[in-house]
Structures are given as C-alpha cells and as structure tokens.
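Sequences listed follow chains X and B, in order.
Under the UniProt record's numbering, the first residue of the first sequence carries the number 1, and numbering increases by one thereafter.
Under the UniProt record's numbering, the first residue of the second sequence carries the number 1, and numbering increases by one thereafter.
FYI, nobody ran anything at the bench for these hints, they're computed from the structure.
Bear in mind the structure is a predicted one, so any value in this text is a computation, not a measurement.
Cβ atoms here follow ideal geometry from the backbone N, Cα and C, with glycine treated the same way.
Careful, some of the hints might be misleading.
What the hints assert, rightly or not - Some chain B residues near chain X, calculated using beta-carbon distances under 7 Å: (1) Ser99; (2) Leu101; (3) Tyr106.
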Amino acid sequence: MGDSQYSFSLTTFSPSGKLVQIEHALTAVGSGQTSLGIKASNGVVIATEKKLPSILVDETSVQKIQILTPNIGVVYSGMGPDSRVLVRKSRKQAEQYNLLYKEPIPVTQLVRETAAVMQEFTQSGGVRPFGVSLLVAGYDDKGPQLYQVDPSGSYFSWKASAMGKNVSNAKTFLEKRYTDDMELEDAIHTAILTLKEGFEGQISGKNIEIGVIEADRTFRRSPDCSSNRRLSSRGRVAVSFSFRRCFKYPE
Amino acid sequence: MSTEAMDVPKTGFSFDLCRRNDMLTKKGLKSPGYLKTGTTIVGLIFENGVILGADTRATEGPIVADKNCEKIHYMAPNIYCCGAGTAADTEAVTDNISSQLKLHRYHTGRESRVVTALTLLKSHLFRYQGHVSAALVLGGVDVTGPHLHTIYPHGSTDTLPFATMGSGSLAAMAIFESEYREGLTRDEGVNLVTKAICSGIFNDLGSGSNVDVCVIEKGKKEYLRNHLTPNPRTYISSKGYTFSKKTEVLLTKITPLKELVDVVQVGGDAMEE
Numbered sequence: 001m002g003d004s005q006y007s008f009s010l011t012t013f014s015p016s017g018k019l020v021q022i023e024h025a026l027t028a029v030g031s032g033q034t035s036l037g038i039k040a041s042n043g044v045v046i047a048t049e050k051k052l053p054s055i056l057v058d059e060t061s062v063q064k065i066q067i068l069t070p071n072i073g074v075v076y077s078g079m080g081p082d083s084r085v086l087v088r089k090s091r092k093q094a095e096q097y098n099l100l101y102k103e104p105i106p107v108t109q110l111v112r113e114t115a116a117v118m119q120e121f122t123q124s125g126g127v128r129p130f131g132v133s134l135l136v137a138g139y140d141d142k143g144p145q146l147y148q149v150d151p152s153g154s155y156f157s158w159k160a161s162a163m164g165k166n167v168s169n170a171k172t173f174l175e176k177r178y179t180d181d182m183e184l185e186d187a188i189h190t191a192i193l194t195l196k197e198g199f200e201g202q203i204s205g206k207n208i209e210i211g212v213i214e215a216d217r218t219f220r221r222s223p224d225c226s227s228n229r230r231l232s233s234r235g236r237v238a239v240s241f242s243f244r245r246c247f248k249y250p251e
Numbered sequence: 001m002s003t004e005a006m007d008v009p010k011t012g013f014s015f016d017l018c019r020r021n022d023m024l025t026k027k028g029l030k031s032p033g034y035l036k037t038g039t040t041i042v043g044l045i046f047e048n049g050v051i052l053g054a055d056t057r058a059t060e061g062p063i064v065a066d067k068n069c070e071k072i073h074y075m076a077p078n079i080y081c082c083g084a085g086t087a088a089d090t091e092a093v094t095d096n097i098s099s100q101l102k103l104h105r106y107h108t109g110r111e112s113r114v115v116t117a118l119t120l121l122k123s124h125l126f127r128y129q130g131h132v133s134a135a136l137v138l139g140g141v142d143v144t145g146p147h148l149h150t151i152y153p154h155g156s157t158d159t160l161p162f163a164t165m166g167s168g169s170l171a172a173m174a175i176f177e178s179e180y181r182e183g184l185t186r187d188e189g190v191n192l193v194t195k196a197i198c199s200g201i202f203n204d205l206g207s208g209s210n211v212d213v214c215v216i217e218k219g220k221k222e223y224l225r226n227h228l229t230p231n232p233r234t235y236i237s238s239k240g241y242t243f244s245k246k247t248e249v250l251l252t253k254i255t256p257l258k259e260l261v262d263v264v265q266v267g268g269d270a271m272e273e
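Okay, chain B solo, but in the shape it has when bound (with noise of 0.2 Å):
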C-alpha cells in the first residue's frame, strides 16, 4: 500500500539544510547575519557566593541593535546565566532549561542544583552540533555550595572560581588574573567584576554601555540592572530641533465629494458574522 510513500515527519532537529547553506557559502552566497551579542560576560566566586557581570551592548554586523539588552538570564531562584553568541539562542536555551527546572523543582520539592542546569544546558547544546551558538557562563548557590561554570556552544564545560566568555573575554580576563584572589568580600568581588565588564566595554568594540551586575549568596540572590552606566547620552542638544520651514501654503479649497458624485445604497447585505 501507500503508506511508505507518506512521510512520516522526523522528531529532532532537521540536518538537511546545514549541507545546503555550507554548500552555497562556498559556492560565495553570503549568509544571512544574525543578532549576535559580541558580549563580555563574566562570573566570580567570592567568599559566600557567586557573582555574575555582563554589559548590556547587542550588535547586528557593525550597528549597535539594542543599547541596553539583558544578559543575566533567571535559571531558578539560586542560579543564573550569562549568555554570549547569538541573542535568539541564548534566550531560548535558558528559557526552556528554566522551565525544565522548575517542573524538576516541583516534582522532588527541592531547591534545583547548578550541576542540574549544567547537565540540561550541554546535554542540549551536545545534542544540536554546535548549531544552537550560545556561549553561557552559569553560576548559583545550592546545597552543596556555590558553583561558577562556563559553558561552550559544542556542549563542553568548565568549573572555574573565575570565568570569562565573549568577544571581551580576554580583556576582561586580564583584569582577572591579575586582581583575583580567594575569599574576596562582596564589595571587593562586585567591583572587581564591575572593573572586567568596563575593561570589555572599553577595549573590545562588541561590547558597550552599561554593567549589569548578579549577586549570589546562599538564601539570597540581588540583580543589579545597570549598576554601572559609564555611558550616558550626553550629546542631545538643549535648544532642541527646529526644522527650516516648509512650502508655502498660498490655497485652500475643500470640497466635499457628495457634489462630485452619487452615492446610491445598493440593499446591502449586513456583513455576516
């Protein structure tokens, strides 16, 4: 019969057209371009927890598309997640992980762990080849402590005290590796992630505008949005815009169609619901 001849649809990501699009880029088709964040995303541990810092710059090619996006994405009360590469992605990935969290949370009534949102996280970013471009780097305060992890868009991890990712990862992590040490208070540690961020905002053109800054501890959690803004708009002009005037109005007339025409009702339908 015709039942081999209907296609069943396959469940899971589609290949297919992968091969096509390497194909033609070879072939010199420029591909589309994509929001990507060209961010510098940071995290630390400090002495009772974890601390996250992103800018908040998102870039299309060389135009600035969003001047004050959120990198910091909410993975469950005691964790978060900073998200590099392609904006779409980041966004997604969190947003499904956080919903699976939760209903885990539900499910065994207990706080969620970092590593679970780390085993969700590169389980699915393994599972699609590295085509899901999101570059996170995820920390949080459980049970068993606090935890800073980053995470690569083929699905790989690392467990660092201190992590950078991003186009402005290696200025940033300059400042890191010179100024990190164990045990930092929470002033000391927000300031420090707060002076990596600046140094991306400064040195690296992917990023710009303002800090965003999460702190971690254990039962607590403080989202700082733009603690830092570096750059304000100082250019607008106090007198304002005054436009050169327009043409000349030298006639009005107005006249009204009913004399021109005639308009004859034809029984009309009412329209039907």
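Isolated chain X, as found in the complex (with noise of 0.2 Å):
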C-alpha cells in the first residue's frame, strides 16, 4: 500500500488524505476487548467483558469501568494504561470545571475536553494518539446521554453503541433490540445479552463489568454487587442484578 511509506510519521498526512496513525490506533481499538453502552429513556448502562489473561489474576483489582464525576461513569476498548492517562486527565478537568463555576461539569463539555485531549496527542512531534475508544455514560440536566470519543478526538452522542473485538455483531443486535422508549432495566438486560453474543466461553458475573446511572444522577459499578446468573429451562441467561445497592464511589 503506498500509504505504508506514510505510516511512520503521525503528523504527516499520506496521499489519500488521512492520519494512518489513526487508523492504526483504530485497530488496535478493534481488537480490545468488547465494551458497549445504552441509553435508555431514564439512564444509561455502559458494560465491558473483564476477559483475564490467566485465572492466577486477582480479578477484583482490576476496574475496567471507572468514575470521572458523580454522575458520569466511562469505559474503554482498546489499552487499559492509555486509558488510565485519559481517566485522570478528564477528572482533573472535570474538578477545575467545578471549582470555577461552582456546578457539576456537563457531560457535552467534559467529552469535548476529554477529545481536545485525545486530538492534542494527534498534533503534536513525538507522541502517539491513544490507544483507545472511550464510552461516556452521564446523566446531567440535558438527561441521559452517552458519548463515543475515538483515537482521533471525534466524537458522537449514541443512543447505543459498542467497541471492540465484537462491534460489528454488537451493534447489529442492538439495532435490533433498541427502542427509543426503553427503560433502564430492558437496557441492561440487553447490554448484557449482547455481551453474551460475542462472549467466549461462560459469562459471569466475575467476567463483566457494568456501570449504571439513572435519574438520582449517580455513577454505579456492578463489580462489588451481587449478580446472580440464573439459566433458565431454555438456557436464556437471565441476571438478576440488584444494582442500587452497588458499589457507590466515595463522594
């Protein structure tokens, strides 16, 4: 491809127009590890399988979901330490936000500083984009929303959305199954059978992750919840998730 005699360089355009960086920082994106998000009429659940490399790791240490404000929770695809960078920044954004303008940060306006970060490291000498796709879950005074931010610093308010290994299945299942009126609770059922679709192997509630927000505008995450995995007759999986007495973050 004559593109490859451009793909050393991030802040060099090749021929037919783009950034192969970003384009490669998109692959790697695409073969992360699932993660998908739904908005429904009176929250939003973000979902991730927590796919271990070995069943000698200590799977509670490990937090794929992660809280930036009360009530806005995100997830990622792609590499779990850009990520971290990236958690971090935008909270630190997010507190700066508050400290000036005495309010919660609106999500619309931490995604957008979130992606002038994630772009920053698109345009300038000596560093590489980011390494993942990240789903923001928020629940603020414009009501449920759900953002997509990717490598490039683009980003899109979905109503449902997936990244990873399996999105083009995940978001063919969820065109199917969305619907504008859909409540909170359909909308996790539904992450969670589409987590399953594409899942290697048997899903538990040890190998997902799941962060919820509804209209008491705080960030939950499923890990430290109880989550029984109950197969019924016709071998449907069915979650019974009492998630309002999940793990709240420390305010």
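Put the two chains together into one complex; each comes in its own frame, and the hints tell you how they fit.
Below, the structure written as structure tokens:
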C-alpha cells in the first residue's frame, strides 16, 4: 500500500488524506475487549467484558469501568494504560470546571475536553495517539447521555453503541433490539445479552463489568454487588442484579 | 538574540509587592481593610466523633459585614473545617483543598483521611509564608478514628482533644478548660460547644449572631446550621414606617416630543450581528 511510506510519522498526511497512525490506533481499539453502552429513557448503562489473561489474576483488582464525576462514568476498549491517563486528565478537568463555576460539569463539556486532549496527541511531535475509544455515560440537566470518543478526538452521541472485537455483531444486535422508550432495566438486560452474543466461554458476574447511572445522577459500578445468574430451562441467561446496593464511589 | 529580554512569568506567588506594601505602611500609608471573620471557632472530640462549632458574624473593621455567614466549610463527606481570619483566604484555601481531596478519592477509591487534609492545608499555608491569613480548626472521622487539628496561618499545626481559634478563642477556651472531659455524649458535646461559642458571641466584639454546629460521627454527619439564634432581631416597629408627605403637586402638563422635534429616518443600517 502506498500509504505505508507515510505510516511512520503521525504528523504527516498520507496522499489519500488520512493520518495513518490514527487508523492504526483504531485497529488497536478494534482488537480490544468488547464494550458497549445503551441510553435508556431514564438512565444509561455501560458494560464490558473483563477477560483476564489467566485465572491466577485477582479479578477484584481490575476495574475497567471508572467514575469521572459523581454523575459521569466511562468504559474503554483498547489499551488499558492509555485509558488510565485519559481518566486521570478528565477527572482533573471536571474538578477544575467545578472549582471555577461551582457547578457539576455537563457531560458534553467533559467529552469535549477529553476529545481535545486526544486530538492534541494527534498533532504534536514525539507522541502517539491514544489507543483507546471511550464510552462516556452521564446524567445531567439534559437527561441521560452516551458519548463515544475516538483516538482521533472525534466524538459522537449515541443511543446505543459498541466498540472492540465484536463490534459489528454487537451493533447489529443492538440495532435490532433498541427502542426509543426503553427503560433502564431493559437496557441492562439487553446489554448483558449483547455481551453474551460474542462471549467466548461462560458469562458470569465475575467476567463482565457493568456501570449504571439513573435519574438520581449517581454513577454505580457492578463488580461489588450481587449479580446472580440463572440459566433458565431454555438456556437463556437471566441476570438479576440489585444495582441499587451497588458500590457507590466515595463522594 | 532577544530571548533574554522576553520575561517568562515566574510561576507561584510573587512576593515583590509585599516588600513595597511593608515599605508604604512604614511610611504611614494606611493599607486598605479586608473582610476578616473576627471569629470564635471551636472543636472537640466526643465519644463517637468530632463536634465543630462557629459563630456567624463577619466583620470589616468595626462594621458587621455579614450577620449570618457560614464559617464551617465542607472538605469531604467525613471532614469539615472551621475558618477564622480573612474570609476570602479561608474560603479559597478550603475550596482548593476540598477539590484536591475529591480527586484523590477518585484515584484511590477510598474515604479521605483527616491527616491528608491537614497535610495539604499546612503545605499550602507554609508555601505562602503566612500571607494567606487563614486560621483553621479541622475535624473529621476516618478509618483511623476521630481527629481534631488546629492550623495556623504560617503552617504549623496542633493535634488536640479540644481547640478554639479566632478573636473569641480565649472566651471559648475558658469554657472548654473548665468543663471538658473525655467521653462526652453527643448531647453533652453539642451543649458544651454551644456554650463555648455563646461565650465568644457575648464577650468578644468580633464574634456575634448565631451558633453553627457540625457533628461528625463514623459514617454520618449532621450540619446544624443556626443551631442556636440568641440574637434575634427584635426591634422591628410593629406599626411599620411612615414618611412625611412630599412636596405638593400643583400642575401636571405632558408635551409629546414629536410636536417639538422632527425625527427623520436616515436610510439606517441595521445593526450588524
């Protein structure tokens, strides 16, 4: 491919008008673990599979879903360490906004600032783009919102979206099952079913993570609550989930 | 080249003007006043946690600027801080450190500790060499138990079972020294704190108005704003106020401007957006 001659330097356009490094970053995202998000009428749910490299890894120490502010949470697909850097920067930006305006940062503003950071790394010397796409879920005065931010720094608002390995199947599945007036309980159920679609092996409370935000505007994350999995006689997975008793981040 | 001529602004607080101000005051210039809280703030440790108390008067020299200000500041869900000294300084410093504690909580996933708040505050105040005029009483309950500290404007701290700060501190300390004992119950503690603040309110000119109390125990906190209001406004006249009659109106004549002046439209550009 003629592009390959231009794929070493980030700050050089290829003749076809692409920045090849960003394409490669998207490939890195595409080979990461599946994650998805669904916006319901009264809340947002984000979920990801948590496949650990070995059974010896202490799964309680791995937290893929993170909180940015009390009412905004995030999940990623791609390189974990890159996402940690972004989460840290976003938290600081949200806090600076809060200090300045004495108001919780609106979801769109935080997404915009995170995207600006990601874009910075596509136009500076000596750095590489972030190898993650983020799904940001939040609830503010404009209601529940779900945004996807890509390594290029572009962001989109989604009703439902998926990223990572199984993205095309997951998106098709979501397109079929999404309805505009879906409630949060249904959305959580759909999210888990979507994850199960592309899941290698047995799905359980231990190898997925779920984050939820509803009208009380408090982000909650799953691993620390009880999630019972019942397999009905037809082999369909039903997961019951008392997420109200879920781990709440310290305020 | 001229790169040396370009002044890169130094980071951090610039102490240059402090020398000038000192020189001017020596020459006799009266420096502009600022809003001091002129306060009584107290804290004590009781059997289950910490109780903080404060009065609510903010003074600007001899004038009461705010009759009901809030001197007990939020630092973390389990940590509160009373502030005496310059009101802006106490507000800004507690806000700043509260923000830093929040980021720290997100990063660690744990409840904030009182010593963390203490260290952040004292480092900040020491860095500003006493120019940030904030004297604080910091109290809270964390995993290691209840803690109470005082922080002085230059950055030194004390760890105490009961503490008072501000202009009314001597009046309040007199109450504590005679009546404090270990293992007070919640109600006894609240009463003692209220008594100490009242002593400051009534015996110190810089303190007054109402009593605010904050009780922090393991896992819960109660912010009792205006727990006691011993200085209600009782002098409002029940008859209301009447004012003497104004100058008598003898004649009213209204002349529309159009009869006197010709208003001509000159092609007018609409205002560009």
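Status of the hints after comparison with the structure:
1. Hint on Ser99(B) holds. Least Cβ distance to chain X is approximately 5 Å, under the 7 Å limit.
2. Proximity of Leu101(B) to chain X is violated relative to the hint, the smallest CB-CB distance being about 10 Å (cut-off 7 Å).
3. At its closest, the beta carbon of Tyr106(B) sits 5 Å from a beta carbon of chain X; the interface hint therefore holds under the 7 Å criterion.
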